[in-house]
Amino acid sequence: MANERYTEDHEWVRISGDIATCGISDYAQEQLGDVVYVELPEIGRIVSAKDEIAVVESVKAASDIYAPVSGEVVAINDSVEEDPETVNRDALGKGWLFKIKLTDAGEADELMDDASYEDFIQGLDD
Amino acid sequence: MSDTPPTTPLAETPLAGLHARLGAKMVPFAGYSMPVQYPLGVLKEHQHTRTAAGLFDVSHMGQASLSGPGAPEFLETLCPGDIVGLEIGRMRYTVLMNRDGGILDDLMVLRMADNAFHLVVNAACKIEDFAHIESHLPAGLSFTPRPELALVALQGPKAAETLATIAPGVDRIAFMQSAQASIDGIDTLITRSGYTGEDGYELACANDDIERLAERLLAFEAVEPIGLGARDSLRLEAGLCLYGHDIDTTTSPIEAGLIWIIPKHRRTAQAGFPGAARVASEIADGPKRRRVGIRPEGRAIAREGAAVLSTDGQRIGAVTSGGFGPSVEGPVAMGYVQPDHAKAGTAVLLEVRGKHHPAEIVKMPFHPHSYYRGQ
Numbered sequence: 001m002a003n004e005r006y007t008e009d010h011e012w013v014r015i016s017g018d019i020a021t022c023g024i025s026d027y028a029q030e031q032l033g034d035v036v037y038v039e040l041p042e043i044g045r046i047v048s049a050k051d052e053i054a055v056v057e058s059v060k061a062a063s064d065i066y067a068p069v070s071g072e073v074v075a076i077n078d079s080v081e082e083d084p085e086t087v088n089r090d091a092l093g094k095g096w097l098f099k100i101k102l103t104d105a106g107e108a109d110e111l112m113d114d115a116s117y118e119d120f121i122q123g124l125d126d
Numbered sequence: 001m002s003d004t005p006p007t008t009p010l011a012e013t014p015l016a017g018l019h020a021r022l023g024a025k026m027v028p029f030a031g032y033s034m035p036v037q038y039p040l041g042v043l044k045e046h047q048h049t050r051t052a053a054g055l056f057d058v059s060h061m062g063q064a065s066l067s068g069p070g071a072p073e074f075l076e077t078l079c080p081g082d083i084v085g086l087e088i089g090r091m092r093y094t095v096l097m098n099r100d101g102g103i104l105d106d107l108m109v110l111r112m113a114d115n116a117f118h119l120v121v122n123a124a125c126k127i128e129d130f131a132h133i134e135s136h137l138p139a140g141l142s143f144t145p146r147p148e149l150a151l152v153a154l155q156g157p158k159a160a161e162t163l164a165t166i167a168p169g170v171d172r173i174a175f176m177q178s179a180q181a182s183i184d185g186i187d188t189l190i191t192r193s194g195y196t197g198e199d200g201y202e203l204a205c206a207n208d209d210i211e212r213l214a215e216r217l218l219a220f221e222a223v224e225p226i227g228l229g230a231r232d233s234l235r236l237e238a239g240l241c242l243y244g245h246d247i248d249t250t251t252s253p254i255e256a257g258l259i260w261i262i263p264k265h266r267r268t269a270q271a272g273f274p275g276a277a278r279v280a281s282e283i284a285d286g287p288k289r290r291r292v293g294i295r296p297e298g299r300a301i302a303r304e305g306a307a308v309l310s311t312d313g314q315r316i317g318a319v320t321s322g323g324f325g326p327s328v329e330g331p332v333a334m335g336y337v338q339p340d341h342a343k344a345g346t347a348v349l350l351e352v353r354g355k356h357h358p359a360e361i362v363k364m365p366f367h368p369h370s371y372y373r374g375q
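So the sequence lines, in the order shown, correspond to chains L and D. For the first sequence, the tail end lands on 126 under the numbering used here, and the numbers increase by one without skipping. For the second sequence, the tail end lands on 375 under the numbering used here, and the numbers increase by one without skipping.
Hints should not be assumed to be uniformly reliable.
As the list claims (entries may be wrong) - Within a straight-line C-alpha distance of at most 25 angstroms, the following computed DSS-like cross-link-like pairs (lysine-lysine) qualify: (1) K99/L - K50/L; (2) K99/L - K355/D; (3) K94/L - K44/D; (4) K264/D - K355/D; (5) K363/D - K50/L; (6) K50/L - K94/L.
Hints in this document: simulated from the structure, not taken from any laboratory.
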């Protein structure tokens with residue numbers, strides 16, 4: 001089963017050891033529409049949770065992506081820069097954006113789990 | 001486009017029910033609730049219009065009738081275009097000018113008869129435009145807003161063959177010509193025009209009939225409903241101005257690269273339209289800035305407001321419209337720059353989120369027009 005955690009800004013994070021893989025939620029990609037440009041952070045950048053870290057643009061608009069957790073950017077997904085539509089096709093899989101080496105392993109626990117996030121987006125649509 | 005405060009109740013077009021049934025995502029635009037996209041999505045809607053035919057609800061735009069002796073001469077006191085010389089049944093793109101030589105709105109003027117015109121103006125400007133026209137109206141002329149009329153656009157390479165099956169002969173009129181047709185008993189005023197760079201038509205009919213007309217057109221395999229999102233990317237690739245963004249009350253037609261809308265005999269300070277002196281002096285001495293096309297080299301999108309810099313980092317202008325061009329398969333922009341940087345081929349920088357991205361001044365359109373000019 002999925003073990004993603006979600007922010008209120010619709011980023012997801014998946015923890016493996018001290019590495020957090022991050023992307024935008026399926027709901028977010030659907031709201032954005034066709035993604036045509038992705039700008040990713042520099043590897044090595046130190047970020048705090050909620051820092052602006054990336055940009056995902058659709059034909060309509062640019063959306064800032066915030067770091068879901070604090071730490072050091074240790075990897076970015078070059079392939080979404082080449083083929084931004086991957087974010088639409090597979091937001092939680094091949095459409096991941098960057099990986100952060102966690103400063104505080106417990107930080108992600110404060111984010112929403114699947115069920116809470118479902119409730120959260122239900123509330124937005126009402 | 002004007003942003004509407006959330007407290008203002010939004011108006012609806014007569015196609016609101018159809019948009020809901022089609023699954024449109026609605027957004028506020030110029031005081032109306034309008035479809036920004038349908039389930040197809042902006043990218044595919046754009047591509048569908050370029051390869052088949054798209055149907056756009058543009059009923060929010062302002063339509064009006066002007067008639068009476070001297071109507072053409074009266075319009076020439078407000079607009080720099082050649083209205084007196086416009087043939088009956090033909091339409092012209094022109095602008096309403098202010099005294100400072102700025103643009104109050106851009107509009108379409110269709111000559112219905114010697115002394116009768118049909119006007120189509122922008123939704124966001126229609127109240128002010130109509131008040132402006134009425135306040136200058138000479139005795140003996142009659143000006144009538146036509147809120148009882150709706151408007152749709154059918155655009156794309158399959159628009160002509162599609163529409164001709166229900167309005168025979170409409171494929172033979174040329175770009176900027178008009179026809180009147182009865183489509184399934186619906187009285188329709190048709191012009192071969194649009195805002196996408198594609199061949200196509202705009203069709204006006206009574207509010208009460210528009211849903212039936214729209215559904216008749218959507219029943220064709222080639223036709224998909226298209227929202228404002230794709231309308232914007234289509235017009236941007238076509239290099240067409242969006243009022244309130246690429247032209248406004250401060251930009252002159254010369255700065256905007258619209259000298260072609262002014263006939264030679266009206267390019268003088270004595271031409272009799274508001275702001276003629278500024279227009280004449282800018283023609284003689286050159287304007288302070290020029291509207292240009294800008295093609296970023298990379299994939300980063302420079303949107304409205306992005307600074308345009310010379311290669312040595314001096315600010316030389318700003319982007320007024322920018323986005324991703326689906327047919328160009330990359331970012332495109334237009335904006336104003338100082339005249340010495342306005343030549344096609346000039347290298348510039350675009351500032352996006354603090355970073356400088358190389359770009360080039362280019363000729364517009366970004367995507368070639370495919371208007372039908374007749375035999």
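### Task
Run the structure past the numbered hints and jot down the numbers of the failing ones, going up.
Violated hints: 4, 5; rest satisfied.
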